[in-house]
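> Each chain, letter by letter, is given below.
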Amino acid sequence: MAEGRAPRAGADGKKFERRRRAAAAMAEEAPEGGAVRTLPSLRRLSRALPFGRSHGRLIVPALCSQEKADPQKTAFVLRKAWTLYSVTPLYGFRRARLRDYARLLGAFIAAEKQKGLAVEVGVELDIKVALSSLADIRGSELDQAALLVQLSSRSRSSSRNSEDKPVWLGWFCSVFGDELSESVPEHFTCLPLFLSHGAESYTALVGSWFQKTFDCCFRRLAISPLNLSWMVAMWAGCKLDRAASAVELVFSVPRLAQPLDISYAIHPEDAKALWDTVQKTPGEITHEEVDVFMDCLYAHFHRHFKIHLSAAKLVKISTAIASAHCDGIVKILHSQYLPGVLMLLTELAISQIQ
Amino acid sequence: MQRRKSSKTPKQPLSIPNKSQTDLSAWRKGAKIDSEKSLQNNQSADDQKCESQEGSLEQALSYFQKAQDSVAPKKKSVEQEHLDAVESTALEQGLPPEGFEILLKVVLSGRFADTVNTRLLKSLIPASVIPENSVVTAVSWLCVGKCSGNIQLLFLKWLITMFDFIDHKEQLNALYGFFFSFLQDEKLCPYVCHVLYLLTRKENVRPFRIRILLDLQAKMGMQSHLQALLSLYKLFCPEQVTITLPGKMKTYFKNSEGPWKAAITAVRQRNQGSSPLSQAVFLGTSQPQSRKRKWNAQLVIPASSASTKHLDEDREKSCFYLCSPNESFPVEQLQTFPQLLQNIHCLEFPSQMGSVLTNPLLLHYMNCVKDESIYLRLYYWMGQRLQEECPWCVVDNPYEEEFRSFLETVYKAECFLQEGFSACEEFLYKTLPLWDGVCCRSEVLRLVSWIPLSSFSDIKPYLFDPLAQLFFTSSIYFKCSVLESLKELLQNWLIRSVIQMDLEISSVNTTLSGLVNVVAELVHFVGWISTVAMRLENNSTFLLNFILDFYGTVCDIYLKYNLPLLIMPPAGVFYPALLSMDSVNLNQLCYIMYRYRANLVAAKENELSKKKILQFKFSNQTYQEYNQYIIAMVGCLWTSSAFQKDTHPQGLCMDDKLLSKTAVKEIKSSFNIVYHPAMMGCSIKFLQQICPGDTTLNFKLIKGKKWDWYLEYLYSRGLKGLKAFIESSISRVSQAARSKAGNVDV
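Protein chains in written order, with the numbering used here: chain A, 1 to 354; chain B, 1 to 746.
Misleading hints may appear alongside valid ones.
Below, simulated DSS-like cross-link-like pairs (lysine-lysine); rule was C-alpha separation at most 25 angstroms, straight line [claimed, not checked]:
no. : chain 1 : residue 1 : chain 2 : residue 2
1   : B       : K668      : B       : K657
2   : A       : K313      : B       : K430
3   : A       : K115      : B       : K254
4   : B       : K202      : A       : K115
5   : B       : K412      : A       : K212
For the record, the hints were derived by calculation from the structure and aren't laboratory data.
Based on the sequences and whatever the hints tell you, model everything.
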């Protein structure tokens, strides 16, 4: 992140660069003498988010033990832009049937693509469908293992040997979605978060099939500016073992003839230092703290550019851990924090369902 | 007598009655006694003619039967004569069941020239039913292939048209494979598809047949008849074949009714049949889409389609997961109430619960099945749709009209089930505070009436506060609509409470006192907004009408719903109604006060008799309030003493000095049903009737006997409420003192 790079915090260590219209690196609000607190684990932090709830201080419940996730198996998740959906509980879903489901879904896709022509279930089709469980992606005992849907196009030319070309990916998951899974009776499977990567037309086909087959509803999961600011505060405070990229906030100014985006980039260490001074108790996060954090950033920006960012709409945030767009598109960058990010998103999805 | 067996009771539960093209029940009832006899009976006028026809038909039949055996064709003229006989009988009254075997054999064995065969086939119109045997024989002749292609084609068309007249279909179904083999004939293929479509049962759908059909499809391309058959296969075995029908398709089979339709109708009319030919094709698997929209955000209510939960191709592998996949009745085929009753044990809800909303049969079924998952599925689906499509919550949502009709559908389903949906309740709580009171107004307000009974303080901030805010700031029409829907709400709550008490469900929320409190809060709330509204709207007659309508329910709560609750209307409603300029409202007020009286008297009696220990009794204040009102009313309508006797703090009582300033003569006898502004029109008309010549309008004439006449006159003008009130609340001491006596009983 060349644009946002700024020297370490210090009275004179400020450099600003313009990106699109304006960008700023932030440093000086972080006092030198501020006690550095130990960072709480992200997972515990995120639990305290009032996502979808009223403001307030929430204390993190103890985590249930979880076997070490194999980073290889979840590596496909990282560094891809995922479009988020919330999904109501699936009715009549049976995990033992994944192969049958794959055949039916494959035939459905083929039938939809050639409307009017019947397709035999189970024959080789242009698009190959694979459904599999991702046992590594789950939080509590109550969570169902994640479900991965892969579409790949069969290579016709060199028959067997060549690999199928992946065309679309989507997966359902629930990470600490206990609030929902506790409340539904049997025959319902709670996987409230759905992430897709690939052409929207495939998302539509797969989504419609799931909706028809398991009587569920897909809904785009937008992220409100308030939740984005929670995310940036939380993720900015996370400790990373390797050199981190800049923390960036993108604002959009409403009601202009031409769209105006303001990008505000902050050196990650500065952002962390600021957050550390704001956060009072490790392990929990409050609405006030997030407000203070954002206000500090706004004040700094205003001092230099005479622009009140609080009047603009926060549309995107990026940190070394993940980036998120208000339209409901996320990119997860760091495998260590994968469960934490998914937990946040699960919570958002559940609040949209209930 | 095979034809006497009713073909309406199939041997197998999985038979498909609704594939019937016609509803023949009425028709058969008429013909069941004895087809030939009934034919004659029906046309007693043409008896003579009939008998002769009967005779010639018999001759013709025996002729054709013999012709079957002999090799050499008979004389042309004889043949013509018999052909004419068959034709005329068929067209006039239809052929008897036993004629079919003979004639079908003749036609399909190819003995005669095609012109004869064609004429015979065209006249094969049943008077009652067609025996299955005859069709089976015909099919075997068809397989022999002695007749020409044209006759084959015509026979198939005939079979399609007459399918529902065949008395049984078991043996015919056993010939499924033979029909299937005819698919290879390019000319016959569309008609064979149609026959198969009518004949197919689940057990007929086999992988090899699917493959043959798919091969045909590959050879011939997209053909609507193949699509129809394949979608039927998909319906039965979604785990083996799938197809998406293009949205624009309307008809799947060419009109194959051929030359018989008119004749059948004519014969049926003659034989007192009724229902018209209808072809039930249930291929509604693809919804026409009006415009491009997000795939997951359509307010389209899903079509009922069977769930693909049971995959039984891999039965060996996965049989331990299956519940009972074999005998379930495809929900697409559920079209009549008898079907519902017959299959209720093996009916499965559609794969998408949302589709029950538009299907009354499934709503019936839903009412019978108490399964939590049904409601939960509906809850999630409806909740998401409502939230996502709500025009006043989602920015730039241009689909208000669609949303409106969706709300309408939801409301209708609620009325059907007599119960609100929880998703809908939640939606109202969430969105009413944001509502502008304009968007989908009547739909939203109607949905309000199905909000379930719950703690008033809980729902007040989400329901009553936003409603009150809109109520005070909106037009009089909006106010009336709100009052209307709150009246419905009150009624629904009261009905629910009766049911709850009957079932003696007593949870914390539904104790009697809890119930009474909630209802009381609602009534007080309406009293409050009504009082304010009367002032805001200048005592509008129109508005008052709606307010009194609400109190029409309130006054009868004790007697009608057995709930110990009696709340008088506030003075802000009572006095404007009492002094209303409009006789309809005054009459309604009289009726309401009469009902209050009946309720109070009943309560008092119960209290006195002490048959059971009463948990509740009305407070003295209620009686006091009632008495105050009744005194004012009697004063206004009868004794002209309202200004002196009214004791209500917000009442009409006026100082004598003040009254004398009005310069009205004889104040003490000048305000009663004769002079009341709402009654003035009546009293003038009455005067004109009793003294036609007098134009001075001497109201004082209305007294004594004429007072009684006047009352009768008022009652005859439809003022039933006034009548009930006067007869119950005013005891007329004696004829002489009638104009002064006013006595309140309670």
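> Indicate, hint by hint, whether the structure satisfies it.
Status of the hints after comparison with the structure:
no.: 1; hint: K668/B x K657/B; verdict: holds, 13 angstroms
no.: 2; hint: K313/A x K430/B; verdict: holds, 24 angstroms
no.: 3; hint: K115/A x K254/B; verdict: holds, 21 angstroms
no.: 4; hint: K202/B x K115/A; verdict: holds, 24 angstroms
no.: 5; hint: K412/B x K212/A; verdict: holds, 24 angstroms
Comparing the model with each earlier hint shows no violations; every hint is respected.
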